[in-house]
Structures are given as C-alpha cells and as structure tokens.
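Peer 1: Just need the whole structure built from these sequences, with the hints factored in.
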Amino acid sequence: MALLEVTDLRTHFFTREGVVQAVDGVDFSLERGKTLGIVGESGSGKSVTALSIMGLIPRPPARIVSGSVVFDGRDLTALSESELEDIRGKDIAMIFQDPMTSLNPTLKIGTQITEVMKRHLGVSDEEARKRAVDLLEEVHIANAADRLNDYPHRFSGGMRQRVMIAIALACNPKLLIADEPTTALDVTVQAQVLDLLEELRDSHEMAMIIITHDMGVVAEAADDIAVMYAGQIVERAGVLDLFDRPEHPYTEALLGALPQIEGEGIREGRLTAIPGRPPDLVDPPPACRFAPRCPYANRNDSCTTEPPELREIRAGHWVRSAHPASERAAHAQGAPA
Amino acid sequence: MTSNGALLQVEDLTKHFPVKKGILIERTVGHVKAVDGVSFEIREGETLGLVGESGSGKSTTGYCILQLLKPTSGSIRFQGVELTGLAREELRRTRRDMQIVFQDPYSSLDPRMTVGNIVAEPLEVHGIGTRRSRRETVRRLLDTVGFDPNFTNRYPHEFSGGQRQRIGIARALALNPKLIVCDEPVSALDVSIQAQILNLLKDLQRDFGLTYLFIAHDLAVVRAVSDRIAVMNRGRLVEIGDAEQVYTNPQDEYTKALLAAVPVPDPRKMKERKRERRKFAHTLAEAAESADAATLEPSQ
Amino acid sequence: MAVNPSQEAVRGAPGEPRSAGAPVRQSSLWRDAWRRYVKNRGAVAAALVFFLLLLYCFAVPGFWKIPGIWTSLRDVDPYQIDFPNAYASPSLAHPFGTDNFGRDLFARTALGGQISIAIGFGATLAILLIGVVYGAISGFAGGKLDNGMMRFLDALYGLPYLPFAIITLAIVGVVNFWTMVVALSIASWFTAARIVRGQIITLKQNDYVRAARAVGARWYRVLGRHLLPNTLGVLIIAIFLELPGVILGEAFLSFIGLGINPPDASWGSMAQDGRDAYRRAPHIIIVPSIAIATLVLCANFIADGLRDALDPRTRES
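If you read the sequences in order, they're chains A, B and C. Residue numbers for the first sequence follow my numbering, so the first one is 1 and each next one is one higher. Residue numbers for the second sequence follow my numbering, so the first one is 1001 and each next one is one higher. Residue numbers for the third sequence follow my numbering, so the first one is 2001 and each next one is one higher.
Think of the hints as simulated: they come from the structure by calculation, not from any bench. C-beta atoms are modelled at their ideal positions from N, C-alpha and C, and glycine is treated no differently. Mixed in with the good hints there might be a few duds.
Stated by the list, open to error - In silico lysine-lysine, DSSO-like type, Cα no more than 27 Å apart, as pairs:
#, chain 1, residue 1, chain 2, residue 2
1, B, 1033, C, 2144
2, B, 1178, B, 1070
3, C, 2039, B, 1070
4, A, 34, B, 1269
5, A, 174, B, 1274
6, B, 1021, C, 2144
7, B, 1021, A, 34
8, B, 1274, A, 34
9, B, 1033, B, 1070
10, B, 1033, C, 2204
11, C, 2144, B, 1020
12, C, 2144, B, 1070
13, C, 2039, B, 1020
Claimed, not checked - Partial list, derived from the structure: chain A residues whose beta carbon lies under 8 Å from chain B:
#, residue
14, 192
15, 213
16, 267
To be verified - Pair ranges (Cβ atoms, derived):
#, chain 1, residue 1, chain 2, residue 2, range
17, B, 1274, A, 264, 18 to 26 Å
18, B, 1012, C, 2039, 57 to 65 Å
19, A, 269, B, 1130, 40 to 48 Å
20, A, 56, C, 2162, 48 to 56 Å
21, C, 2219, A, 267, 37 to 45 Å
22, B, 1128, C, 2154, 55 to 63 Å
23, A, 238, B, 1073, 23 to 31 Å
24, B, 1021, C, 2173, 49 to 57 Å
Peer 2: Here it is as structure tokens:
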C-alpha cells in the first residue's frame, strides 16, 4: 500500500471576490522511500496542495471541498485538529521556503529542536538535547553542541535551512514535505542542501515531496514528477520519462522556455515563450485550463467544451490533455491535417 | 567614442561600506569590501553577463557604474569620459545614455503614478518635447515593449509582474540610451514570463543597437543573453571571457564549482553532474560558507 | 497548428499579436482601503459619530437665524443671556440646560465645539506641517545631517508640552485662534517628525526612487514627486492621532483660564464656567466634558481603523 494516496483533492478559497479554485483535482500516490517532485509556476496550486495535505490551510477562507488524503491508512481530511497536530512534526514534517522567517527569532535553536521532540516523543530534556546535537551533526553544522545555544540570527540562510531540516527530522517522520526548499538560496548552497536531503532520505528511509518551480531541481532530486497548472495536475510520470518524452503541451512549452546552460546556438536563439498568463482561478477557463494559451487548441475540438481527464497514456505516465505529444505525432503521420 | 570600440571601461573599481558600531557615538570599526578591484570592458553592441551569488558585489558594481553609488576608488570611463568626479550637470546629461532595469517589478514603479507618467518621467526630467509629443513617445515606447498603449492611465498595481517589467523597460528606453544595466531583470518572474522578457530584451538589443550589462545569479539565464561573461566572487572578478569559453572550459576553481552546482533539467545528466560536484565539494563548501556569511553582513 | 485568436502574445516573432494584455486587477488602492475600513465596525461607528458631531457643531449655532425651523425652542441663540433661566436643568426647551448666564447649552456647546475643533485641526495641521518639513529633510538627507537633526529632536523630546504652551501664551499675551494654534503645536510636533522621517527612509529604499535618480531627477523632484505623495497614508493617520492630544490641551488651557475669552467659548472654557456651579448645576461642566471625551474617543478609533485599512503589508495580496 502506498504511504500517501491523494485522490481528487480540491481546496477552494472563499473570498469576497469569488471562489478561488486553488487546487481543483489533484491525484497522486507516493511510496515509502521515494521522492515526488511537484512542479509548477506561481498560482499553480502546488503550495496549497502541500498545505492541504498537512491540514495547514487557513480555515476560513479556505476549505478542502472534496477529495481524500490517505496517509498510512488514515484519511487526513477526516481527522480533527488535535489528531492532525499529533501527526504533524511526528509522521509528516514540512520545511518551508524562506529560511530567514521560518525560525522563531526569540528562541534558541536548541529549544526549537527539542520542543518538537518533547511534544511528540515525550523524552527527557537531557535525551532531547543529546538527540538535537546528533541532528545538527547530521545536517553538517559544525560545533553542534555549542550551536544549540545560538539564536537564529547567528545563522546564515543556508544554515538556517539546515536547522529547519534538523527540526523536521527530529521525530523521524515517514514523510517530509519541502516547499521550495532551495528557492531562496544561492546555487552553491542549494547544491549542498539538495545533496543533504538525498542523504537524509536514504538514511531515514523517508518519502519526500519536493515542491518547486525549478525543473533542474526536480531532475536532480525526484523519482516521479507531477506538473501542476492552474490548480490541476496536468502531467505525471517518472522523472526520466517526463523529460525524455513530455506529453502535455504545457510541459513541453515549459521545458522549451527554460534557458539552457549547455548547448549550441543559445545566444542567438529565442526561448519558447508561452504567450499570455496563467488563468484567473476565480473564473478559470471552462474546459481545459491551458486551452487559451495552447498552440494546439482548436475551435473545433473538445478543448473548450470538455474538461480533459487525467489518463494513463503509457505505463506510469499520465496526462490531462486532448493533444498529448504522442497522439499529435501519430495524427500528423496518419492523416493529412 | 574611444578608439578600441569599448563603450564602457571599468578599471580597479572598489566600493567599501563602513561598518559602524556604538550607540551614542558611532565609530567606524571596519569595512565591507563589497567590490574589491574589479576591471572589465564592454564593447558597443555586446552583452556582458555579470554573474555571482549573493554578496558577490555584482549589483553594487552595476550601481557604481551608473553612479547611483559613489565608488570608493577606481575609474569608470563611459564613451571615453571619466564618470567619477564628473560635474553634476555633466553627469546628469550623461545619464541619458545609460539606464537601468530593476529586479523587483513591485518596488521599481511608483505606486502613485500612472503608467504613462512613469514612462514619461525621463522625458520630463530632461525637458524633452511637449506634453503632446511626450504622450506620443510614451505610446510608442509601450508598444515597442509589447504593452498595450491604451492602458497609460492605469496604475502599476493593476498589472502582473511581467507586465510591470515591460513598463520598466519602456522607461529605460525613453531617453534612447546606449547602455542599459539590467539588474536581475527576470529573477522575480515565472519561467514562462521570464522567457517572454528575455526574448524582448534580445529583440530590443537588435533593433536599437543597445549594449547590456546583464547582472544575474542564474547561470542559465545569463548564458541565454550574453556574449561575454564575468564571474564575481566576494567582490573580486575571478574569471572573464567569451560566454562559450567560460561555460565549456572554465579556468577558475570557483567558476568550475559554480557551474557544477547548477541543476540542469535533464535527469541523466544530473546523475553525472552530481558525481562531478563531489570533486568540487571543498570549493563548494567554501563558496557556500562565504555566500552564507555575506548574508550576515550589512546589505549593500 | 491553429493560431488561437484569444491569446495574449509576445512582441517580436512574426505573426504574433503584439500586446501583453489587459490589467490583471481592477481595483484602486483607495477603494481597497475603503473596503477594509468599512469592515471595521468600531471605526465606522466612530467615523459616523465624528461626522455627526461636526455637523452638530457647525450647523446648530446658526439654527436660530432660520425662521420656522425651531418652533418650540425660542432661545437657542448661544449668546442670548437670560438670567431668570440660569442654571436650568435639561428640559425640552433647553435640551442640555442653561449655563450660569442662562444661555442655552445645546447651542452653546455646538458653538464651543466650533472653536475647539477648529483649534484642534489647526494645531494638528501645524504640527504636521512642521513635522513633515523637519522629518522630510532629516530622512531625505540622511547621513550626518539626519543624525544631528535626530539627536536635536531627542533633546527636544524632553520639553513638556503643556508648560510650553502656557509660556507661549504668556509671552504673546493675546489669546486667539492663531496664538492657540502656535502654543499647542510648538512642543508637540516631535512624534510627527519622527514618523515622517521613518516613512521617508523606508520609501527611499524603493527602486523607483533609484530609478528617478538614474534618470537624472533632481532632489526636489525625487522628494516632491515620489517621496512625499507616498507618505500621504501615514499623514492621514497621524492627523487622527494628534487630534485628541491637541483638543485635550486646548481644553486644559481653557479650563485653567488661559484659553478662549468670553463671549466666545470653547469646551474647555465652558467646563471652567461650570466648575464653580458643580454642585448646583452639574450639567454645565458635564456636557462639554462629554463632548470632549466623545471627540477624542472617536478620533482614536478612526486612527486605528485607518491604520488597519492603509497597512501597506496587506495592500499587495
């Protein structure tokens, strides 16, 4: 049985301007020890998905309107707040984007790490401190014992992120959700943090969800990838298959829009720009949400009338589109346009 | 214009920020050497990409060149004229030829001014044209950057990040500059919008014969627009050369480590690259430490 | 490959339409602020009461001049002395009673309000003016000048504001609207200066200020076109924060006899009139006191409401 099974998750924000359908149809499953990368641009709903799993969405104005999140056999959406609190930090841990504001500036690092352990594991102060030192060493912070007594402002961005990881790992969670863990970091620090996460995932046998907008990061860190657009998963596949043969027009366009670091004729060439902007989530396009920007959408097909379903186009590769790449190629070969 | 076609010549540029301590009476206890002896040239019509991590001094270098910050020492020759120590009125006139596009689309436009006024401001400041002719110029500029000229009466907050960057670019073009310093112009934008703006910048360069100093931390973005690359680390220029050369055959250890650290959207390559990275583990750790340390020091 | 006509597109490639599209959101900063303000019921109630109070003060004293409007109440001329009716308790003919001279308190409170409020706003605007000038110069200049000006300000903070007001009035000798304004503002502009300076320093960090400099704008343009207009929000809040202090100051000065001279009245001087007759006719001192308290309370609530409504942190979401 998969560790985490998300089925048809929908989270809506009820605001004065209308109902923002931030997450509107997300399905995926995650096995123990594997890493899922959720990629998308701003407004795609990736962060809200993570927060929905943890039950951390602000209620009001948000609400999970349908769907289920089954973690280790229990549906998290059906649990009470106190039951969720028992799970957060212990079985599922989360690290956030901005290391500068994720830690409490008025508490020592040591306190912030031990507090999680005392809450969930009921260990003694001494035991907790010892484990905190071990954790800091695991995340490669030098002079761990001394550093326990420092306040966050004495740590730089990259080190704070490592402290966050240490806190997240304190109770040996089964699942770690990392929301844009390296976006605010320099590239050299990012490389170290990603290496660290991989190392820890293996040593702790954790499952991981990495949320990011950076295709390079998921190429490096993920086993499977889910591409999100306008609140929905539009493509889901293993990492090699996704990059080798992307199916959804958005995924293709996204990969084409990425500036490459290696290759020929980069300076002279143009990047594939996706025209327009992501849709307004209060009033999204009625059928396929990518249709207004899609080069293959046609007045005569179903793109504007019927919302496409997520279907398995080959083993392990799911796509939500009426015009996936392999069908386009077949069509072009098969019959004159 | 100078004899060898260099539009901009920077020699031994330094910028030190004093570190002050004390409550009642502030004493200067030391200096942060944000820029520590940087020299390079930019030829007319080319793009020099200035790359570095946070604390490398790349943005400070850009601001010093534009004289938005006063350099501590060094020479900056623009169109053959030495900028440091230039009389105020002369500098003001020279500003028409060198402009800037900022990183943050939200703080780079005055929220209380209409789009039209924002783009017209450079023209107003230098007394160019009449009100009517300025209106026309503004419409033309906005059209050039792909922004609908019918929205000149709107306010910046009504537009998205990408649209605001276009407004900023239109403003930078208003005075017909020769050199534009682009300070992380796409860092705050989504990938798909980023591509639009990068394409736009390339087109504008071709159409108007612009010269760019393109400052960024994203190596892939810089690669897409630059002819030559300069790599900065902790205030020093560690490598400079043809873009192709620097990316495929870097000479400096830091540059090599930096390039090794960049994730590429290709999972197979990533496996190899991760192995490569281990070779540079030491340099990377050092670089990470100093990048880390930089954030603890006073910002520039 | 069909070209989708509803696409917004990019400039440049042949065949692509040119515009980057329409605005993404349609509201104005002020309208958003208004909506936020209106959500705060306390602030709305306070604004309403404030407005009614203003209406009362500026409309009522003139009522008696309009024939036919006040049929059952004859003596609503605030200056009309009527000794036989002095110290009368509130009744239908005199809703607030009469004072020691038999003058109708309903009309007189309104009249007093005019002066109290006028001095209140006058002094507040004076405070803001001085504060803006001092704070803007200090914040904009930065460096040693800023340092010096702030240290000087710190020293001034020690000056007690009421004694200074009293001294000023004593020196000038005359007490009228203008001298009151000067006296009340002379030692109370320090906080306003600090607020403005703080705002200017924050605003200076914005890239649009750098952009103006990069274009060659001179300092007065940067200050006048970019910095000061963006301090408007802070200034509006400052008005309602300074108002209570000034009104109470005027009331106090009048109460101790240094204020407005008869036959004009301010709420403070009316309270002073009622002080001696407290046992016999308490309403004479109570009525203006309640008026002062109401105005001050409303101003505070409005200031809070404005601060929440104009908070820049919630502006861009």
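Peer 1: Compare the structure with each hint and give your call.
Peer 2: Against the structure, the hints come out as follows:
{"no.": "1", "hint": "1033(B) - 2144(C)", "result": "holds, 22 Å"}
{"no.": "2", "hint": "1178(B) - 1070(B)", "result": "holds, 21 Å"}
{"no.": "3", "hint": "2039(C) - 1070(B)", "result": "violated, 48 Å"}
{"no.": "4", "hint": "34(A) - 1269(B)", "result": "holds, 20 Å"}
{"no.": "5", "hint": "174(A) - 1274(B)", "result": "holds, 25 Å"}
{"no.": "6", "hint": "1021(B) - 2144(C)", "result": "holds, 15 Å"}
{"no.": "7", "hint": "1021(B) - 34(A)", "result": "violated, 50 Å"}
{"no.": "8", "hint": "1274(B) - 34(A)", "result": "holds, 18 Å"}
{"no.": "9", "hint": "1033(B) - 1070(B)", "result": "holds, 14 Å"}
{"no.": "10", "hint": "1033(B) - 2204(C)", "result": "holds, 23 Å"}
{"no.": "11", "hint": "2144(C) - 1020(B)", "result": "holds, 13 Å"}
{"no.": "12", "hint": "2144(C) - 1070(B)", "result": "holds, 17 Å"}
{"no.": "13", "hint": "2039(C) - 1020(B)", "result": "violated, 46 Å"}
{"no.": "14", "hint": "192", "result": "holds, 5 Å"}
{"no.": "15", "hint": "213", "result": "holds, 7 Å"}
{"no.": "16", "hint": "267", "result": "holds, 6 Å"}
{"no.": "17", "hint": "1274(B) - 264(A): 18 to 26 Å", "result": "holds, 24 Å"}
{"no.": "18", "hint": "1012(B) - 2039(C): 57 to 65 Å", "result": "holds, 58 Å"}
{"no.": "19", "hint": "269(A) - 1130(B): 40 to 48 Å", "result": "holds, 42 Å"}
{"no.": "20", "hint": "56(A) - 2162(C): 48 to 56 Å", "result": "holds, 52 Å"}
{"no.": "21", "hint": "2219(C) - 267(A): 37 to 45 Å", "result": "holds, 41 Å"}
{"no.": "22", "hint": "1128(B) - 2154(C): 55 to 63 Å", "result": "violated, 46 Å"}
{"no.": "23", "hint": "238(A) - 1073(B): 23 to 31 Å", "result": "violated, 56 Å"}
{"no.": "24", "hint": "1021(B) - 2173(C): 49 to 57 Å", "result": "holds, 51 Å"}
This entry does not satisfy hints 3, 7, 13, 22 and 23, going by the numbered hints stated previously.
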